[in-house]
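Participant: Dock chain X against the given chain L, drawing on the hints supplied.
The chain contents come next:
2 protein chains.
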Amino acid sequence: MKLYDLDLSGNCYKVRLFAALAGISLELQPVDFLAGDHKKAPVIELNPLGQLPVLQDGDLVLRDSQAILVYLARQYGGHQWWPDGAAQQAEVMQWLSAAANEIQHGPCSARLIDKFGISLDKSRTLDISGIILPVLEQHLQQHDWLALGRPTIADCAVFPYLAVAWEGGIDLSDYTAINAWMARIKELPGFIPMPGIE
Amino acid sequence: MKLYDLDLSGNCYKVRLFAALAGISLELQPVDFLAGDHKKAPVIELNPLGQLPVLQDGDLVLRDSQAILVYLARQYGGHQWWPDGAAQQAEVMQWLSAAANEIQHGPCSARLIDKFGISLDKSRTLDISGIILPVLEQHLQQHDWLALGRPTIADCAVFPYLAVAWEGGIDLSDYTAINAWMARIKELPGFIPMPGIE
Numbered sequence: 001m002k003l004y005d006l007d008l009s010g011n012c013y014k015v016r017l018f019a020a021l022a023g024i025s026l027e028l029q030p031v032d033f034l035a036g037d038h039k040k041a042p043v044i045e046l047n048p049l050g051q052l053p054v055l056q057d058g059d060l061v062l063r064d065s066q067a068i069l070v071y072l073a074r075q076y077g078g079h080q081w082w083p084d085g086a087a088q089q090a091e092v093m094q095w096l097s098a099a100a101n102e103i104q105h106g107p108c109s110a111r112l113i114d115k116f117g118i119s120l121d122k123s124r125t126l127d128i129s130g131i132i133l134p135v136l137e138q139h140l141q142q143h144d145w146l147a148l149g150r151p152t153i154a155d156c157a158v159f160p161y162l163a164v165a166w167e168g169g170i171d172l173s174d175y176t177a178i179n180a181w182m183a184r185i186k187e188l189p190g191f192i193p194m195p196g197i198e
Numbered sequence: 199m200k201l202y203d204l205d206l207s208g209n210c211y212k213v214r215l216f217a218a219l220a221g222i223s224l225e226l227q228p229v230d231f232l233a234g235d236h237k238k239a240p241v242i243e244l245n246p247l248g249q250l251p252v253l254q255d256g257d258l259v260l261r262d263s264q265a266i267l268v269y270l271a272r273q274y275g276g277h278q279w280w281p282d283g284a285a286q287q288a289e290v291m292q293w294l295s296a297a298a299n300e301i302q303h304g305p306c307s308a309r310l311i312d313k314f315g316i317s318l319d320k321s322r323t324l325d326i327s328g329i330i331l332p333v334l335e336q337h338l339q340q341h342d343w344l345a346l347g348r349p350t351i352a353d354c355a356v357f358p359y360l361a362v363a364w365e366g367g368i369d370l371s372d373y374t375a376i377n378a379w380m381a382r383i384k385e386l387p388g389f390i391p392m393p394g395i396e
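If you're matching them up, the sequences are chains L and X in order. This note's numbering puts the first residue of the first sequence at 1, with every later residue one more than the last. This note's numbering puts the first residue of the second sequence at 199, with every later residue one more than the last.
Next up, chain L with everything else stripped away, as it sits in the complex:
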């Protein structure tokens, strides 16, 4: 099972992290982002959006880190990471959507500007961060994990771009509950970091 991967990408790290926590083996295929290889074959043929990660498992090709998390958890990872019931799936889904929406266009995009020089509206990324971070903080003041009272793919989807938010100039030091939650994630058996995470 091959993951087209970029070590500096938080979206790729979501998948690497979950696979490490769940004990799933991945063959990493590094893609040279600076050379634009994500916009060339074979990546662009596997994902016409030209984004990483891309997962290839036999004939199955998947783009989008959240979809890959659902696949890996459902196929290999067990119900503890991605549950079976309607209310439970929806509870996790709320955070998968936040990862694709507010986290992607908030902390992730702020980091794209500061770390990679991508031309985006910094103030907009800070506005979106200013909406989602207090909601996360409030939630984590009352819950140890994002959903279901245990680690799930929701935590794997939201954690990466918060853990490297400082690379986008976003200071999380006042968010006590978010920091405590990130510390809990780092203590999970099998945890692996990415560049930018100590």
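The hints are simulated quantities; they were obtained by calculation from the structure and are not laboratory data. Built from N, CA and C at the ideal position, the CB exists for glycine as well. Mixed in with the good hints there might be a few duds.
Claimed, not checked - Only pairs whose alpha carbons sit at most 30 Å apart, straight line, appear in this in silico DSBU-like list of lysine-lysine: (1) L/K122 <-> X/K238; (2) X/K320 <-> L/K40; (3) X/K320 <-> X/K238; (4) L/K122 <-> L/K2; (5) L/K2 <-> L/K115; (6) L/K122 <-> X/K313; (7) L/K115 <-> L/K39; (8) X/K320 <-> X/K200; (9) X/K320 <-> L/K122; (10) L/K186 <-> L/K122; (11) X/K320 <-> L/K115; (12) X/K237 <-> L/K122; (13) X/K320 <-> L/K39.
Stated by the list, open to error - Not close to chain X: a few residues of chain L, all C-beta gaps over 12 Å, as computed: (14) E27; (15) D32; (16) F33; (17) A41; (18) D171; (19) N179; (20) M194; (21) E198.
Facilitator: Then chain X, alone, in the frame of chain L:
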């Protein structure tokens, strides 16, 4: 089962549309957006993000249109709309993420600017639309539906903001396959429109 609803919101319409197609009864609770009631109790207490829709089913409270679609389909709608298998769920999930990411920050945000006067970067919404629309067009040239060869919650999540994209100044007339797909959706038994859809 109560849906806190705004008739002009495509995110709310995703839920109304799916419920109509799947034969699920919803009690609609209109929220006065112009009066800012989505930022006041009871909505803000049910969803601290202050966004619509919010679903209340007994003690269960859900935000995020994609999460609500997963819940309704899993709980009430049958497997044809949200499948059980890993690869099948992931295939649908790719489009739920696109709905939360590229569709939300592309066509949806362009409409927020033009129709509601929200201050966002119009050129950025057009850039994102210019990435996702050709990928959708290419996909729909080869598939009648977004996933699994049949209507799923993926179609319900992506359709609304394309059907009203013209209200954000986005002209879809050259996207032949997208238009044919939208026509197929409009012919589904139980289809209901929203304002802006003829």
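Participant: Work down the list of hints and note, for each, if the structure agrees.
Facilitator: Hints versus structure:
Proposed proximity of L/K122 and X/K238 is supported: the alpha carbons are some 28 Å apart, at most 30 Å. With a C-alpha separation of about 28 Å, the suggested pairing of X/K320 with L/K40 holds against the 30 Å cut-off. Note on X/K320 and X/K238: the hinted pairing holds, with a Cα-Cα distance of about 28 Å set against a maximum of 30 Å. The suggested pairing of L/K122 with L/K2 is violated, with an alpha-carbon distance near 34 Å, which exceeds 30 Å.
Taken as a hint, the L/K2 and L/K115 pair is honoured in the structure, with Cα atoms around 27 Å apart against an allowance of 30 Å. With a CA separation close to 24 Å, the supplied pair L/K122 and X/K313 stays within the 30 Å bound. Using a Cα cut-off of 30 Å, the hinted pair L/K115 and L/K39 holds, with the two alpha carbons roughly 20 Å apart. Distance restraint check for X/K320 and X/K200: the Cα-Cα separation of roughly 34 Å exceeds the 30 Å cut-off, and the hinted pair is therefore not satisfied.
The suggested pairing of X/K320 with L/K122 holds, with an alpha-carbon distance near 15 Å, which does not exceed 30 Å. In summary, the hint linking L/K186 to L/K122 is supported, as the alpha carbons are separated by about 29 Å, within the 30 Å threshold. For the hint linking X/K320 to L/K115, the alpha-carbon distance of about 24 Å falls within 30 Å, and the restraint holds. For a cut-off of 30 Å, the pair hint linking X/K237 to L/K122 stands: about 25 Å separates their Cα positions.
The hinted pair formed by X/K320 and L/K39 meets the criterion: a straight-line CA distance of about 25 Å does not exceed 30 Å. Chain X leaves L/E27 outside its interface by the beta-carbon criterion, the shortest separation being 18 Å against a cut-off of 12 Å. Interface exclusion of L/D32 from chain X stands, the closest Cβ pair being 21 Å apart, more than 12 Å. Distance check for L/F33 against chain X: the nearest CB is about 17 Å away, which clears 12 Å, and the non-interface claim stands.
Under the 12 Å C-beta cut-off, the non-interface status given to L/A41 relative to chain X holds; the minimum distance is some 15 Å. For L/D171, the shortest C-beta to C-beta distance to chain X comes to about 21 Å, beyond the 12 Å cut-off, and the non-interface label holds. Every CB of chain X lies more than 12 Å from the CB of L/N179, the least distance being 19 Å, so the non-interface label holds. Distance to chain X confirms L/M194 as a non-interface residue, since its nearest Cβ pair spans about 20 Å, more than 12 Å.
Once the 12 Å rule is applied to beta carbons, L/E198 is consistent with being away from chain X; the minimum gap is 29 Å.
Violation of the numbered hints given earlier is confined to hints 4 and 8; the remaining hints are satisfied by the structure.
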